[in-house]
Every structure is written in structure tokens, then in C-alpha cells.
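*Asks:* Using the hints provided, position chains B and C relative to the given structure of chain A.
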Amino acid sequence: MGNTLAIIGMALLGLSLIYVLYRTIIGNPVSRRVVFVYVAFAAGLPLFMDLLPPVHVTPDVQALVDALEELPPNSKILAAFDYDPPSAPELQPMAEAFFKMAFKNDLDVIVMGLWPQGPQQADQAIAAALLDPDVQAMNPQYGIDYVNLGFQSGNEFVIQRMGSGFKAMFSRDQRQTPYDSIPVLQNIVNFSNIDFVMNFSAGKPGTVEWVQFAVDRFGATLGAGNTAVQAPQIYPYLRANQMVGLLGGMSGAAEFEKALGMPGAGSTMLLSQISTHAIVILFIIIGNTAYFRTRKRKNG
Amino acid sequence: MADASPIGIFIAGVLTLGIFSFLYKDNPVYKVCEAIFIGVSAAYWAVEYFYSALYKKFWLGVIPPEGSGADPDMWLWGGAILGVLMLCRMIPKINWLSRWPLAFIVGATAGLYMMTFFVSNAMNQIASTMQPLIQDTFLATLGSFTVAIGTVTGLIYFFFSKEHKGIFGGAAKVGIWFLMVTFGASFGYTVMSRMSLLIGRLDFLFSSWATNFGQMF
Amino acid sequence: MSRLSRLSISRKTFLTSLLSLLVFAAYSAPLLAQDSDISVTDSTSAELEGAPAAPTNVLAVDHKYDIGEAVDVSWDLSFDDTAGMRNVAGYIIYRSVAGSAEFDSIGAVFSLTSSFADIGLTRGETYQYSVSSYTLSGQVSEPIVSAEVTTEREWFDWDEVWVFILLVLIGGSVMYFIYHARKGKQMFLRKIAGLQAVEEAIGRATEMGRPILFIPGIHDMDDVQTIAGMTILAKVAKQVAEYESRIFVPTRASLAMTAARETVREAYMTAGRVDAYRADDIYYVTDEQFGYVAAVNGIMTRDKPATCFYLGAFFAESLILAETGNSIGAIQIAGTAQPAQLPFFVAACDYTLIGEELFAASAYLSGEAKQLGSLKGQDVGKVIAMAAVLIGAVLATLGSEEGMNIETFRGAFHGIWSVFGGGQ
Numbered sequence: 036m037g038n039t040l041a042i043i044g045m046a047l048l049g050l051s052l053i054y055v056l057y058r059t060i061i062g063n064p065v066s067r068r069v070v071f072v073y074v075a076f077a078a079g080l081p082l083f084m085d086l087l088p089p090v091h092v093t094p095d096v097q098a099l100v101d102a103l104e105e106l107p108p109n110s111k112i113l114a115a116f117d118y119d120p121p122s123a124p125e126l127q128p129m130a131e132a133f134f135k136m137a138f139k140n141d142l143d144v145i146v147m148g149l150w151p152q153g154p155q156q157a158d159q160a161i162a163a164a165l166l167d168p169d170v171q172a173m174n175p176q177y178g179i180d181y182v183n184l185g186f187q188s189g190n191e192f193v194i195q196r197m198g199s200g201f202k203a204m205f206s207r208d209q210r211q212t213p214y215d216s217i218p219v220l221q222n223i224v225n226f227s228n229i230d231f232v233m234n235f236s237a238g239k240p241g242t243v244e245w246v247q248f249a250v251d252r253f254g255a256t257l258g259a260g261n262t263a264v265q266a267p268q269i270y271p272y273l274r275a276n277q278m279v280g281l282l283g284g285m286s287g288a289a290e291f292e293k294a295l296g297m298p299g300a301g302s303t304m305l306l307s308q309i310s311t312h313a314i315v316i317l318f319i320i321i322g323n324t325a326y327f328r329t330r331k332r333k334n335g
Numbered sequence: 017m018a019d020a021s022p023i024g025i026f027i028a029g030v031l032t033l034g035i036f037s038f039l040y041k042d043n044p045v046y047k048v049c050e051a052i053f054i055g056v057s058a059a060y061w062a063v064e065y066f067y068s069a070l071y072k073k074f075w076l077g078v079i080p081p082e083g084s085g086a087d088p089d090m091w092l093w094g095g096a097i098l099g100v101l102m103l104c105r106m107i108p109k110i111n112w113l114s115r116w117p118l119a120f121i122v123g124a125t126a127g128l129y130m131m132t133f134f135v136s137n138a139m140n141q142i143a144s145t146m147q148p149l150i151q152d153t154f155l156a157t158l159g160s161f162t163v164a165i166g167t168v169t170g171l172i173y174f175f176f177s178k179e180h181k182g183i184f185g186g187a188a189k190v191g192i193w194f195l196m197v198t199f200g201a202s203f204g205y206t207v208m209s210r211m212s213l214l215i216g217r218l219d220f221l222f223s224s225w226a227t228n229f230g231q232m233f
Numbered sequence: 417m418s419r420l421s422r423l424s425i426s427r428k429t430f431l432t433s434l435l436s437l438l439v440f441a442a443y444s445a446p447l448l449a450q451d452s453d454i455s456v457t458d459s460t461s462a463e464l465e466g467a468p469a470a471p472t473n474v475l476a477v478d479h480k481y482d483i484g485e486a487v488d489v490s491w492d493l494s495f496d497d498t499a500g501m502r503n504v505a506g507y508i509i510y511r512s513v514a515g516s517a518e519f520d521s522i523g524a525v526f527s528l529t530s531s532f533a534d535i536g537l538t539r540g541e542t543y544q545y546s547v548s549s550y551t552l553s554g555q556v557s558e559p560i561v562s563a564e565v566t567t568e569r570e571w572f573d574w575d576e577v578w579v580f581i582l583l584v585l586i587g588g589s590v591m592y593f594i595y596h597a598r599k600g601k602q603m604f605l606r607k608i609a610g611l612q613a614v615e616e617a618i619g620r621a622t623e624m625g626r627p628i629l630f631i632p633g634i635h636d637m638d639d640v641q642t643i644a645g646m647t648i649l650a651k652v653a654k655q656v657a658e659y660e661s662r663i664f665v666p667t668r669a670s671l672a673m674t675a676a677r678e679t680v681r682e683a684y685m686t687a688g689r690v691d692a693y694r695a696d697d698i699y700y701v702t703d704e705q706f707g708y709v710a711a712v713n714g715i716m717t718r719d720k721p722a723t724c725f726y727l728g729a730f731f732a733e734s735l736i737l738a739e740t741g742n743s744i745g746a747i748q749i750a751g752t753a754q755p756a757q758l759p760f761f762v763a764a765c766d767y768t769l770i771g772e773e774l775f776a777a778s779a780y781l782s783g784e785a786k787q788l789g790s791l792k793g794q795d796v797g798k799v800i801a802m803a804a805v806l807i808g809a810v811l812a813t814l815g816s817e818e819g820m821n822i823e824t825f826r827g828a829f830h831g832i833w834s835v836f837g838g839g840q
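Residue numbers (our numbering), protein chains in the order written: chain A, 36 to 335; chain B, 17 to 233; chain C, 417 to 840.
Incorrect hints may appear among the rest.
[Said to hold, decoys possible] Across the chosen pairs, the derived CB separations fall in these ranges:
1. A:T93 / C:I522: 57 to 67 Å
2. B:I52 / C:E541: 51 to 61 Å
3. B:W112 / C:A692: 19 to 29 Å
4. B:W193 / C:F526: 46 to 56 Å
5. C:A609 / A:Y326: 15 to 25 Å
6. B:I150 / C:F526: 14 to 24 Å
7. A:I43 / B:I150: 35 to 45 Å
8. A:L40 / B:L128: 51 to 61 Å
9. C:E678 / A:D141: 55 to 65 Å
10. A:T329 / C:G625: 29 to 39 Å
[Stated by the list, open to error] Straight-line alpha carbon distances no greater than 25 Å define the calculated BS3-like cross-link-like pairs of lysine-lysine that follow:
11. A:K239 / B:K72
12. C:K651 / C:K607
13. C:K720 / B:K41
14. C:K786 / C:K651
15. C:K601 / C:K786
16. C:K720 / C:K786
17. A:K139 / A:K111
18. B:K178 / C:K720
19. C:K599 / C:K651
20. B:K178 / B:K189
21. C:K798 / C:K607
22. B:K47 / C:K720
23. C:K601 / B:K181
24. C:K798 / B:K181
25. C:K601 / B:K189
26. B:K189 / A:K202
27. C:K798 / B:K189
28. B:K178 / C:K786
29. A:K239 / B:K73
30. C:K786 / C:K798
31. C:K607 / B:K181
32. C:K601 / C:K798
33. C:K599 / C:K786
34. A:K202 / C:K480
35. A:K202 / B:K72
36. C:K720 / C:K651
37. C:K720 / C:K607
38. A:K239 / A:K202
39. A:K111 / A:K202
40. C:K599 / B:K178
Worth flagging that the hints you see were computed from the coordinates, not collected in a lab.
Please read all numbers here as calculations on a predicted model, not as lab measurements.
Cβ coordinates follow ideal geometry from the N, Cα and C atoms, glycine included.
So here's chain A without its partners, still in its complex pose (with noise of 0.2 Å):
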């Protein structure tokens, strides 16, 4: 039912454009209002509908999946959580998918953040990975399978600090429990004890602080999900081999759902996203012919 209404919404809202398309010829071009409105609706009919669209999974994806998916039980990683709420559309789906696989795997997450609502972020995250019925299955246990030490102030010197050793940065977790006495913590001193450094990153501190800091100065392998603002700044380390792989935006989220098996919140919304985007497009256009026109109009 709520496709069917749906997908008849977005073809009204199709055909209509047409008019717009006209109107502009004529030289009685629509107010940006209008272009909002077509933006809501073309970004928010889609969620009525539950079809996924298909998804291609690109090679700096499939490097991140290859890498986690290739360390053996109770591999540590790290999990940095740099980003607050405004950015969770994008990074929420990505961490979501992380715990699960990594839960999945029986790998041993330690959680952290440069920024102070990441770690929040991150009891969501796990929150919800653990609804999932294949999670549910291994247990994972606080203390155990993963720990949250919290937020540390003083942005990327305290990567710089826990390269002499964690402990000195985060002398307890977030439920107040000192370091020594956390199970999953024994015998990790610094980055040479971590298997795996992953990131998410809305901005700064964020991934290009763990590549010059965790991967260019103590030799730590790092993956990253980013924001798509960030992303095209992050690509440059990917290619210089600093990092194994990137997750960019909404679409690195979905490929990476797809890559793992999991699909969830980030390919759900990569069709707003698709429909969104073919209405930017579609204005583009239309705001170009408004533009030559009135170009013609000055000249002739």
C-alpha cells in the first residue's frame, strides 16, 4: 500500500516538473520555495516505500569489509567515535553495521571518542546491533567482548598520549571501572597490541588526526567512515595506502551494509537519497536553461 501511494506521489511529482520546465521556457521561472517543496517530497516519499535499491559495492568499500572480515577471533580493534548527532543519518548506519559484524566475529571492540557525544553515539549503535537476533546468538558481554572508555578532551594529543600508552589517556571507562580491572583491556599497553584502528569522522579531530597520528607515527592500520563532506579529503590517504579503506556518506554506508549482509538503515535511505538527488539534477537543468535564457534575452 505505502509503496503503491508512494511510487504514484513520485510520478506526479515527475510529470509536474514538466510544467516547471515549461514555465521557465516561457520565462516565468518557479521561486526557490518551490524547489524546496519538490526536495521534501522527493526526499521524504521514498521512506514510505520499502524497497532497496540495488546497490554497487566499490573497491575501497570491499577493502574495508576484506580487512575486517579477515581478522581472526578476538582481534582488537579500535573504535573511534568522532562525530555528534547532526551527522548521525550518515555515520549511525555505518557503526550500526560495524558492531554487528564485529560482534558477529567474535572480535574484541574498544570503544573511544574525540568528541565528547561519540561514545554516546556509540551505546546507540551497540544498542542496536544487539537487537540482532545473529548477535544475540554470540552474547557479547560489556567488559568482555567490547568496553566505551568514554571521552577524552584534547582533541588528536591524545592519540599522540595513547601512543605511550592508553591507560595514561583513559585511566578508566565510562562506567568508571579502572582500566586494569576490564577484562577485554588485559595486555593492551598501546597501539601495538590493536589489530585495528576504525573511525568514524564527521570532521576534526577525526580520520586525517589518526592517519598522521595512530597510522603515520605508531604504525596503526585504519579504516574509516566518513561524512561525504569529508570525504573527498580523505580519499588522498586511501591512495597513498595510510589507510585500508573508506566508507564514504550515505552510499558507503549502504555498500558497506550490502558488502557485510546486513541491510539496514543506510540502504533503506539510499533510495531518498537516489530520488533526491535525480531532483537535483533535474533542477540543475532547469535552472541552466533559466540561466541561458535570460542570458539571450541580454543579449538579443
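*Replies:* Just chains B and C now, with coordinates in the frame of chain A:
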């Protein structure tokens, strides 16, 4: 919003709609929402800094709680003194003292970053550009030529010691074209990001908020 | 994981290691054979029945170029790990403080791993290590003991000597140019389009009787972009003071606010109009990124500045700011070294200082010897980079099939360095 209360979700939705109203035009509802946002966030950061820096890092650092087994970290007093010097700004007679912590921050950051940026952003990047120009496939060859030409002409554009004239100017122009193409790609990515934020908000309004709305009334 | 293992090993290194491994094997084969003879007759071997073959050649060396807190333990894989029974699950590493016969287990690694880094040791202490292989069913081989090792502190990391040389080269040219700029030597800097528009833009705001908005980015004073923004702010504020116009500077960082106040006040003083300086026009808004943006948007739509400057570090807010500025018809001049944000400024502003142009503009406007000199010095760095890219790419094309990596550099520098007797 995993564990937000129904009232919290309701308020969040109303504020979202209030901010969206700016798209129509600036209005009192938007102004109220904006003021709430700024006020709440300023207070949030004040508390966050107080808790994480003053209490968690400094206070618990110099006076570790009993039974934690940690030794008091006396280095933190150095930071505390610099912090107090910062506050000297408020006393006109000694406000010059506040320059010292600033000098410390600028100096320490520069020192730390000198190596970091040089290795991560310069050496490693340059090294990764030094790939054989001729590759196995035509596309790969084209790719490595593009990378080499783009890097060199880009550097030429940012070369300030010579006027952009003649061949040099031509190369700089190629460089700016490379930059503009990069900007275009970057623009596309950001549009994607912005749309994701909108979709995230709409999803919240349609699912959590609408469900919650139904339950409340 | 060590730094080296992450970087790809060049073919030559690989072949050399392979060759040395073969030579080593040829020499050590008789010795090993002798060893195994002994172990067969050893009475303990009966107790270890079913245990995997022990690793061989256990080496413990002081971690090079550190502060004396780490030892690198390495060994050759057990015969049963790579061939034989293939039942090795991993290796256990033990440590004893020299003199004591008591070995404590300090860690374990998975099979096919032949090294372990022991960190957090005491400087100047002597240690001994031993390594056993073990199987999933819990059988542990006899431990093979290493020679004694003493942790040492070194003051200089010779692995990074090549970075040092390049830094000295570029840093040296920066110093050289600063020195000459101080002496009053004229330094040529190419024209930057955005700069010429600054004066015109301030003049326009004055004519229209509307204020000027200046955003020095959203980062604090620890970002060099913010500092460049402040330098330009000094020039802008001076002109504003001379034209008797008004300037607003809302900031997102508290330190940036103090710095901006100082900058603007000084500018007004230089212009001889300190009485017109209004501290309240330069204020902190909030640290919350979008809260700050919402506030600035509000200022723009209400006060309708005729000119907006965005010079500093910008993130997601760049397009929102520039779009709002555009909608109120302001002349906009932007500049940032934030690559991801440049597209929006380029699209929505009248003039954009791209990347380093921001720093160049700051140097140009201030005419300060330090800024001019560093810009010139960096140009030397760019020439080196261009040459490296071109020569490197050509050499890579002619020579190796794998291209170059950072180890190639390191190797080359080490070679040159050792000729002069440096390093170890």
C-alpha cells in the same frame, strides 16, 4: 534518540519544524528556535568543558579517587597554571600574562605538527605520486598521467614567486582547472551529505515523532 | 604491528632478504641438525610428547631509537606451523628479569606470526625472553630462550634522518628569506585577485551605510588559518576605521574572540580612531557549530551587511553562510585552506582565496618579514616537491615495476648518510 522521553521527542520534532520554517521566510518561530538552540548548546558546551577538562581530567588527575591505584599527575598543575594565566585577561593590569598560555598553545601545536604534516601530508603523498607512468591498461596509464600532471600544475598554481605568464601561466591555468574539477566532485559529495541530513530529519519526523505524536494525543 | 610491515616492501628488498635467508639456512642447517640430535636423547622430550616443534632462533633486541622502554622479540616459525603437523595455534612469549630463572608469560600471538613487541619496560634493565609454540588442544612446546638484552635510550631516531634533512632544507630556506626580508630586500609575490577587491568591498559598504561582517573561520587560534584570517582582519579593520564604517566579528571560539578584539582595537588605534572601537561588536556566540551558523545567519538577515568576509578554517557551514550572504546581496570575499569547503566559496562568493592564497594574502597585506619569508621558503619546498614528483615518476617508469614508496627514500637517505659516517 534511542532512549529519549516522549516529551523530548515531541519537543525535538517541533523545533525541527520551527527551524525548517526559515525556508519559507525569516519568522518569529524560527527566531525562537534559533535562540533556544544557541542557548542550550552554549550551556551544553560550558558544562561539557567543565566536566571533561576541569573535573575529569584535572581534578581526578591530581587527586585520583581512592582505590584507583593511580598516582597523582603533577604535570597537570602546569596546564592549570597556564589556564589561570588565561583568566588574567580580565584584570587590565596584568592582562599581558594571558599571552603566555597562547604562546604555549601556538608553539606546542607547531612543534607537534611540523613532523606530522611533513610526513603524512607531504612526504607520503609525494611518494605515492611517484608511480610508473606507463601502466598495464590504457585507463591506468591515463590515470597515472593525470595524477602526475595534476600534482605538478597544481603546485605551479600555488607558486607565488613568479607571475603567471607564458608557459608558466598556462601550466597554472591547467592547475586551476584541475582544482575546479576537484571542487566539482567535492561539491557533489557535499550535496549528498546535506541531503542525507534532510533525509535523517524527515525519517525522524515520520517515524519516531509521528508515532510518538500518535501515542501522546 | 610495526611500521615497516604496513609499507610495501620493494622487490629488491624482498630478493635480498630471500637470499640472506637461504645463506643463513645453509649455514645453520648443520647446527640445527645437531640440536635435534640432542633433543631426541633429551629426557624431557618424552613429557612433551604430542607437543608441536618449538620455534627456533629466538632473538630479543632492544627496540631501536626509542626511549628505552621496549624490546622486539622475533623467532623463526615452528616447523609444525608452516609444514609438519600444521597444528600450531600460536606462540606464547615469556620474560624474565636477568638473573632470575623465573619466566612470566607476557603475551601470545597467533600462528604464522614471528614477532612480538614488549613495551613498557624499565630503561637500563636487562631482560631475557623465551618463546613456545602451542596447539589448540593445549600442548605447549619447550621454551626456546633468547640471549640477554638491555634496554637503552637513544636521543635521535636515525630512521627519520631523511625527514630531518628535508626539514632543515626547507626550514633553512624559510629562515634565509626571512633574514633577507628583514634586511629590507624586496620580495616578489604574484598578484592575488581576491585581495584587490577588499578595498573596493569596504568602500561599497561605507557608501551604502551598511556594516561589514567578518568571520575568522570556526577554529581557534591554534589553527594557522585563523591566524591568517586575523592578519587580514587587521587590514580590513584599519580601513573600516578610516572609512568610519562598522564591522561585526562573531566568533565560534573564545580565544578567537579575544584575539579578534585585540586585532581590531589595534587597527583602530593605528587609524587614530580608537574612540570609535566597539568591543561589543566582536563577540563569542557558541561552540556548537550549527548553533553558531544559525546565529550568523540571523545577523545577516537582520543587519544586512553589505560585505561579508569569510577568512579562516571553515567546515559544513561554508555553503550555508555563503548562500545566506548571497541572498542578501552582499559582496563576499572568502578564503580557506579547507579543501572540502572551497567549492562552495568558489560557487557562491565573488572572490575566493584558494588554499595557500589565504596565507599569501596575509603575508602580502601585512608585509611582515616572517610571513613573506615563509611563503618564499615554501616555494622552495614546492620546487623540491615538483622535481621529486617528476623525477620519481620518470625513474619509476624506467626502472621498477612497482613504483616507489617511502622506504625507497629512506633507503636512499640511509645510503648517503652512511657514506658520511652518520647513523649506525
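*Asks:* Which of the stated hints cannot be reconciled with the structure, identified by number in ascending sequence?
*Replies:* 1, 6, 7, 16, 18, 25, 26 and 37
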